[in-house]
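Engineer: Spelled out from the first residue to the last, the chains are:
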Amino acid sequence: MDAATMTDATRGVSVDAGAGNTGDGSGSSSGSGSGSGSSSNDNVGNSSGASSAGNAGSDSGDGSGNAGSTSGTRDPAIVAIGLTRRFGRTVAVDAVDLEIPRAKIYGFLGPNGCGKSTTFRMLCGLLTPTEGEVRVMGHSIPREAETVRPLIGYMTQQFSLYRDLSVRENLDFLGKVRGLSRRRRRERIAGSLQTYDLERLARRRPENLSGGERQRLALAAAVLHEPPILLLDEPTSAVDPRTRRSFWDNLFKLIEEDVTILVSTHYMEEAERCHQLAILDRGKLVAEGEPKTLIGNLAHTVLEVEGERLGRVRQRIAELGIARSVAQLGNRLRVLLDPGDTEAAERVGAAVASSGATIARTRPGLEDVFVAATEGD
Amino acid sequence: MRSLQRIFAVAGKEVRQLARDRLTFGMILGIPIVLIMLFGYAINLDVRNLRTGIVDEAGTQLSRKLVADLVATQVVDVVSREDSVEALEAAMQRNEIVMGLHIPSDLERRLADPNRAAAQLLVDGTDPLIAGIAGAIVAMPLDVRARVAAPPPRTLLSARAFFNPEQRSAVMIVPGLIGVILTLTMVLFTAVAIVREREQGNLELLITTPVRTTELMAGKILPYIAIGLIQVTLILIVGSTLFDVPIRGTLADLYLASAAYIAALLGLGLLISTIAKIQFQAFQLTFFIMLPSILLSGFVFPFDGMPPLAQGIAQALPLTHFIVLVRGIVLKGAELTDLLVPLRNLGIVFVVAMTLAIIRFRKRLD
Numbered sequence: 298m299d300a301a302t303m304t305d306a307t308r309g310v311s312v313d314a315g316a317g318n319t320g321d322g323s324g325s326s327s328g329s330g331s332g333s334g335s336s337s338n339d340n341v342g343n344s345s346g347a348s349s350a351g352n353a354g355s356d357s358g359d360g361s362g363n364a365g366s367t368s369g370t371r372d373p374a375i376v377a378i379g380l381t382r383r384f385g386r387t388v389a390v391d392a393v394d395l396e397i398p399r400a401k402i403y404g405f406l407g408p409n410g411c412g413k414s415t416t417f418r419m420l421c422g423l424l425t426p427t428e429g430e431v432r433v434m435g436h437s438i439p440r441e442a443e444t445v446r447p448l449i450g451y452m453t454q455q456f457s458l459y460r461d462l463s464v465r466e467n468l469d470f471l472g473k474v475r476g477l478s479r480r481r482r483r484e485r486i487a488g489s490l491q492t493y494d495l496e497r498l499a500r501r502r503p504e505n506l507s508g509g510e511r512q513r514l515a516l517a518a519a520v521l522h523e524p525p526i527l528l529l530d531e532p533t534s535a536v537d538p539r540t541r542r543s544f545w546d547n548l549f550k551l552i553e554e555d556v557t558i559l560v561s562t563h564y565m566e567e568a569e570r571c572h573q574l575a576i577l578d579r580g581k582l583v584a585e586g587e588p589k590t591l592i593g594n595l596a597h598t599v600l601e602v603e604g605e606r607l608g609r610v611r612q613r614i615a616e617l618g619i620a621r622s623v624a625q626l627g628n629r630l631r632v633l634l635d636p637g638d639t640e641a642a643e644r645v646g647a648a649v650a651s652s653g654a655t656i657a658r659t660r661p662g663l664e665d666v667f668v669a670a671t672e673g674d
Numbered sequence: 034m035r036s037l038q039r040i041f042a043v044a045g046k047e048v049r050q051l052a053r054d055r056l057t058f059g060m061i062l063g064i065p066i067v068l069i070m071l072f073g074y075a076i077n078l079d080v081r082n083l084r085t086g087i088v089d090e091a092g093t094q095l096s097r098k099l100v101a102d103l104v105a106t107q108v109v110d111v112v113s114r115e116d117s118v119e120a121l122e123a124a125m126q127r128n129e130i131v132m133g134l135h136i137p138s139d140l141e142r143r144l145a146d147p148n149r150a151a152a153q154l155l156v157d158g159t160d161p162l163i164a165g166i167a168g169a170i171v172a173m174p175l176d177v178r179a180r181v182a183a184p185p186p187r188t189l190l191s192a193r194a195f196f197n198p199e200q201r202s203a204v205m206i207v208p209g210l211i212g213v214i215l216t217l218t219m220v221l222f223t224a225v226a227i228v229r230e231r232e233q234g235n236l237e238l239l240i241t242t243p244v245r246t247t248e249l250m251a252g253k254i255l256p257y258i259a260i261g262l263i264q265v266t267l268i269l270i271v272g273s274t275l276f277d278v279p280i281r282g283t284l285a286d287l288y289l290a291s292a293a294y295i296a297a298l299l300g301l302g303l304l305i306s307t308i309a310k311i312q313f314q315a316f317q318l319t320f321f322i323m324l325p326s327i328l329l330s331g332f333v334f335p336f337d338g339m340p341p342l343a344q345g346i347a348q349a350l351p352l353t354h355f356i357v358l359v360r361g362i363v364l365k366g367a368e369l370t371d372l373l374v375p376l377r378n379l380g381i382v383f384v385v386a387m388t389l390a391i392i393r394f395r396k397r398l399d
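Residue numbers (the numbering used here), protein chains in the order written: chain A, 298 to 674; chain B, 34 to 399.
Chain B extracted, bound-state conformation (with noise of 0.2 angstroms):
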């Protein structure tokens, strides 16, 4: 009863105090609001007007079919001509062109030939998703081939998008960016609240008080589930309004998903807190988990196709596993029951952060 009563003027205390501090008010529905515009527009994985440079050493009528048939496809666009192989890398080389396209003099000669690829695609290798797209051009039934006469190549498998049918990029990237955001504001706000009552000495004057570890750290998390569960809903509404992506699971199920995820995301949050001694230290900390957050979770990158320490590191983030967990609920319309080991290991990571943060937390008192 008394223990409740603390929690609830810590907490009452800590909303009061962002309630004013109008930068974190700010940043806790602007974060939100920016990221998803900016992800959501900006960010966009179907690959068009590739910057491409071509050297067309044939100058036969079927050559420059074969070109206009490429930019009929829009993925690229021809910006340069040169007279050489050598200059298109040297093109590359000055960010020119991310792509060449060589047309030896032979072309016809090789087209009827069905063992010799008829071009060359030059690509540059130092952007990943270039190097995945130039397998698609690859792949692509030219208009040009057919007329040859060559025999359309049998292909050996074909595949079909289950949950995104259309492969839109807002689909793939709009949950997990609930997920991203989430770990930004929520580790920030939380490594920031504890380290700021040290800073400003308000932390001597609470270990006089009755308050115990426990419920100053209970009483700091609670607003900010809230707030948590708030900057989901935002997202959210700004995703299915703007950039029609689904919601197929239950609300319900997104939302408990959602608050264990932000439990664990506090939890990191306080460990940091009771590691920074100023608030610089305590951003510096946050980025140190927000990075790999976003490269080893699987957000931007296939978890499975990780070498096996870079998976384990991605256990002790919570972001892998909530990623699993809302694009289970919201893409794929699971339950929570079909998620069980994902929000078992949110349970985890919560539990070993919290008990790590209090056992720090002490320590420092003596």
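Next comes chain A alone, as it looks inside the complex (with noise of 0.2 angstroms):
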């Protein structure tokens, strides 16, 4: 094990220029986060070499890391090399292999049961994965999970704050429980209070306050500490859109600050508003990239077709076998193909032909995306 981290901390300094220029590149422009395989190799090199800088800043005091971080290089916030993990026979999530960046919001898309909160847990250190390897901010886990764990902030997916004490109380309480001295706490308490719109409600128990009420304390609680890494497990499935929005504005002000955010979702809603997109369908990773990117690279074809009595030519269209996934929405059916069958899409216009419903194509959606890439029932 040291003599691996030896050799990685020496080719990350004969990388670190050429890897500093990809830092720059996903500082400026969030496209290049999507690279290829043989990149992701020198990265590691890079994280552990940042290791010790990171090792100093976290050293120095709490959440100083983030601070520390800025001036050092654009090293990705968490990497993951083959991370699997097995509970019993069955494969939760299977060779995983993970770079995200810092600064960005990253989003895990996957359908329920995916393994998008499985690898949640071990990127954060709650759960020791089966094979493979995590760096977090250079901090390997789970050897260094104790490091590791006050430089990442965690937001359930349910409510898991006191409802019987107060906002205040809440916030003061994880503060205390995080180490922050008297100061600090008092400092951040008022500071988040005021961010998230929280101050009138301070004295207001949890168990009286609305969804987007709470969901604003949570986001606080999970940023008292100032953490460097953010963790969201599917945070808005509850809210309604404008109180998602004004969450998401939250969130934007957050990455801003260097904050790196992860957001595991099955919302396309969600998703869309992520700088990069990882989509996983039974335990594996199995597309990634911008949201953009991966909607404009899909090679299969969508078409719609309108219409009335929209069962029979469904179910005509189910019945060539050709289509991956066809749904409907209101008078208007999305069929979607797979690429390399040329004619598929005649053969649809034939099938429908005769019902009188009209058929054209039209653009993808990250919800193509979504269902190109994982597979149904």
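These are calculated hints, taken from the structure and not from any lab test.
No false leads were mixed into what you were given.
Quick list of the computed label-pair ranges, beta carbon to beta carbon: (1) Glu554(A) to Leu324(B): 55 to 63 angstroms; (2) Ala499(A) to Pro279(B): 52 to 60 angstroms; (3) Arg53(B) to Gln612(A): 58 to 66 angstroms; (4) Phe313(B) to Arg386(A): 31 to 39 angstroms.
Keep in mind the model is a prediction, meaning the values are calculated, not measured.
Each residue gets a CB set at the ideal place from its N, CA and C atoms; glycine is no exception.
Hints given; two lone chains; assemble the complex.
Structural biologist: Right under this line is the structure:
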């Protein structure tokens, strides 16, 4: 292990300049993160090279790792190689390679049970990988899980703060538990109450708060100790669109403060807002990249059939056995066709023709990318 | 230092939540008071007024005198007169009487014969206490016997009750009651404490913080040790003012023993909380500990008389050891140094329960 670290470290120095360039790229344009497998090797070396800097940062005090990282090289916030987790005989996460750039919102998209939560838990050291390696800000997990924990803020899927403690008491408790000094606690609590518009709710208990208010509190609690990395597990699954929008505004503000944010979701609405997306299916990473790029690269054909009595049309299309999926939206059918089959579109057209419905090619959306990348039931 | 801050953060939060939870708060004070009143007044080992049926086949002056003497003891209360032993048995089955006196027609002759009993006492053997009482009544020298000039029976032994010469029930029960009440409240509160955090999702939040399992457990236990000692104080005050229970040992020894006992109980409670998935299961498991505690600890039945298996099970129950400690300190005026064995046993229960709880808690996270 030691020997490996040594070679990594030396390699990190040797490729430092090159990796620095990549890092700069990821700082200015959001697209570079979708790099090929060959570049990820360099980045591993790079991240371990910078780990000493990260260590120095965390030794000097809580959350100052954040400040340290801005001045250092822009190596990825999290790197995972061959990440695998088995529960008994089932493989929840299967050899996932990830590279999560700093100060970006990185989304994990996937159906229920695809391994999102398990991956999340491994990335922040809550769960030990069966195989593979994770490096968070240069620290390897699980060996340095205790060092990594203060670097991470975690907002759980279900509201997990104490319902019978007031907003302020909840924050105070978390501040104490996270080891913030009395002065810093007072500053941070006052600051968070203001930032997240909770000042007038400070004495209220979460059991009497609305969904959106609770969510702001949960976010305030997750970033109270100013972690450089924030993990959000399906953050806006239970709120209305307006609340969701303002919640994401808060996330983008955090990005400007150099926080790296990981979001797990199965909502296209949320996924579209991420800088970069990883699509997981049955424990495997099936696609990765910018939402726009993912949509642009989709080789599948998407047809839209519009008309009345779509049930029969739908059945006829399904009988052809060439459609990847057919979904109804009001009086439209969205038909996803696998790439390569050049005659598929014509065959669908022929099948539909007699019913009087109109058919047209349409631009694919993120949902089509999702459906194309993941296997149905 | 950090670790202490975290422990106190958890403990402080726990106290705050407790103060807001009116039901739990009420239980902390209510359970001891209600139980001590209930046990102190209702549980009376000085048995009196047992419902008794009489079959007087003799019908002589002597037989009527025998019944009158028996009534005069206040132990029996004659509620019915029957014609036959069979009728007595039937009345006992209907739970109209718990004891029957059968005076045969040849009472006088029998009294003259020192080898034969004069009359027969029929006892409801389903109640252990009443069966014991029958023995006492049989041994009772009745006026009648003396009058008939049978030689008074010579007793081989005489008994003298140390520490509780008047044999008052409250004195016997109240110290043990401290243990019973603490078992009920302490195990229940801690068992529910962690299960509730799991139910409400708080645990998911806590595991993402630097709080360690041991710190979480310590923080949860601390407030309850204080609460347990408050309950001890409450029971002692009520016990000594209302029931005149003497406290012969030192209070310091008593509180130390209580603290050790409470710690062992909290360990068990935490262990339950790692097994139970919902609060209801925690309740059930608490009673699973509660019942054997009351029955096997020596609180109700003498420990020495139990079969070895029951004694073995009882060793795992903190109440067994605490009964020895508390009766020793409160009633016998013993010092803690006289009672190192039960104290050590409490320590063993605490360490084993806590270790298992921490191991189980860790496993469930992964």
